[in-house]
Amino acid sequence: MSIFEELEWRGLIADCTDKVELQKKLTAPTVLYAGFDPTADCLHVGNLVPLIALRRFQLCGHHPIALAGGATGSIGDPSGKSQERQLLTKEVLDGNIASVKEQLKKLLDFETKTNPARLLDNATWTAPVSFLDFLRDIGKHFSVNQMIAKESVRARMEDRETGISYTEFSYMLLQAFDFYHLRKECNCELQIGGSDQWGNITAGIELTRKKMSAQVYGLTLPLIMNTDGTKFGKTAAGAVWVDAKKTSVYRFYQFWIRTDDRDAVRYLKIFTFLGREEIAALEQQHAEKPEARAAHKALAKAMTDLIHGENATAEAMRASEILFGGALEGISETTFNDIVGEVPTKELARTALDGAGTPLVEALVLSGLCPSKGQARKDIEGGGVNINNLREANAQRHVTAQDLLFGKYLLLRKGKRNYVVLTVK
RNA sequence: GGUAGGUUACCCAAGUGGCCAACGGGGGCAGACUGUAAAUCUGCUGGCUUACGCCUUCAAUGGUUCGAAUCCAUUACCUACCA
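Its first residue numbered 2, the first sequence is counted upward by one per residue in this note's numbering.
Heads up, a few of these hints could be off.
Here are the simulated BS3-like cross-link-like pairs (lysine-lysine), alpha carbons at most 25 Å apart as the crow flies [to be verified]:
#1 Lys106 with Lys246
#2 Lys107 with Lys212
#3 Lys235 with Lys270
#4 Lys141 with Lys235
#5 Lys290 with Lys102
#6 Lys211 with Lys25
#7 Lys415 with Lys247
#8 Lys290 with Lys417
#9 Lys107 with Lys247
#10 Lys247 with Lys91
#11 Lys374 with Lys417
#12 Lys25 with Lys141
#13 Lys347 with Lys426
#14 Lys298 with Lys270
#15 Lys247 with Lys298
#16 Lys247 with Lys347
Hints listed in this document are in silico derivations from the structure and should not be mistaken for laboratory results.
Let the hints inform the model, and build the full structure from the sequences given.
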């Protein structure tokens, strides 16, 4: 199966230029790139798709380039807060690129001899160009008439409330310049990106053709949406990051486990490297016995393996089994210790448990499970709070030393899946 | 620069002197049912309080009034029309 057919099967092709020619081009190793904005020092699951797609190309023998938008990122989206943008100094951007590179190493192979991945920063070739030169050499090739016809621009121009700034209007020129530059310097012939990038990609294709009479190609990936219409990758706690310091391995694993039934198989295709047969088998199991959630588990395991490694995944799985497996009775301290490392943990002074102890409501606020005592009380009265996996409906309840597991842990839960361990110091 | 209109909780949005911590919808959280699902139903959704109740909120500041989200003045921001 060719890379193109594989992407098609996985539902990863939203649009592409000259399908026939592109497929022909991809029969031989090709250099391709995808860009990302280094606006944060960390990747989240939302911007994983193009990078995983790069990996798929790499596995098929192509040469991937991950392009950090050191230049484009510094311009960014002007509708955001101006302070925010100024804070993204060169140092910050460089720092972000450096830390993101570490994360990219998990996705792309930078070491292989045949077709190593590369990480480039468009600031290196954009920053030295003077405004005047840019206008003469690049701007000259763009027709404003065509630019305002692009969907991204037109939408903003029709939205009179927001409008579009000159800076943002120019964004596509910078991205087009990247593509042209990469074609010239690295013989890069394909750009992939999210479907919102279509206009920017075609701008680059046209610029390359005009400047060097070279044909390059574009391919866009669909914007991933949950079936229920919500944005993929967002939870109540915010984005799901690939850095374990920002999103614990357990939470990362849980994020995938909790995928909507209707999305599970689709996400297996989009995100994992599982083959056609494996996914077909999982799809069948999922259809026959959805409550077993075989597809969810495979998805969660594959993704956690990919990002955090198998050992960490095993621990997250063990913690999940314990927490959702039922009663804590008969659990060994060693096993429980596994959980402690996975779920959020807060410390509690031992003296707070002396005598009458601490009101449960306070413990809930301290743990971060409830935003206020009032809310904590309502949650308890609503039956949403468990101590050591046993429901506690009494809002007057105090927690004391007697509630401790193994003399030092207190397992609090709000709702079905929000756990916090309080550790006594 | 002129004129008119607007700014209410996470978002949308009612409220035009006391019955307003503020209708309704969305979102969110929790419960029942389940499979850590979907759909459905129920409760909650400013803070403190066991409770009676108290406190802080309707862009900001000052004022009128026994009493202000509501009236007046000033300021800031947004929108529309005009220049």
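Against the structure, the hints come out as follows:
With a C-alpha separation of about 17 Å, the suggested pairing of Lys106 with Lys246 holds against the 25 Å cut-off. Under the criterion of a C-alpha separation no larger than 25 Å, the hint pairing Lys107 with Lys212 is inconsistent with the structure, at around 36 Å. For a cut-off of 25 Å, the pair hint linking Lys235 to Lys270 stands: about 20 Å separates their Cα positions. As the CA atoms of Lys141 and Lys235 are separated by approximately 41 Å, the hinted pair breaks the 25 Å bound.
For the hint linking Lys290 to Lys102, the alpha-carbon distance of about 40 Å lies beyond 25 Å, and the restraint is violated. About 23 Å separates the Cα atoms of Lys211 and Lys25, which keeps this hinted pair within 25 Å; it holds. Only pairs whose Cα atoms come within 25 Å are accepted, and Lys415 paired with Lys247 is accepted, the gap being roughly 21 Å. Taken as a hint, the Lys290 and Lys417 pair is honoured in the structure, with Cα atoms around 22 Å apart against an allowance of 25 Å.
Taken as a hint, the Lys107 and Lys247 pair is honoured in the structure, with Cα atoms around 17 Å apart against an allowance of 25 Å. Between the alpha carbons of Lys247 and Lys91 the distance comes to roughly 23 Å, so the proposed pair stays at or under 25 Å and holds. At most 25 Å may separate the alpha-carbon atoms for a hinted pair to count; Lys374 and Lys417 meet this at roughly 20 Å. The hinted pair formed by Lys25 and Lys141 fails the criterion: a straight-line CA distance of about 32 Å is larger than 25 Å.
Pair hint Lys347 plus Lys426 holds up; C-alpha atoms about 10 Å apart against a cutoff of 25 Å. A hinted pair counts as satisfied when its Cα atoms are at most 25 Å apart, and Lys298 with Lys270 qualifies at roughly 14 Å. At most 25 Å may separate the alpha-carbon atoms for a hinted pair to count; Lys247 and Lys298 meet this at roughly 22 Å. Taken as a hint, the Lys247 and Lys347 pair is honoured in the structure, with Cα atoms around 16 Å apart against an allowance of 25 Å.
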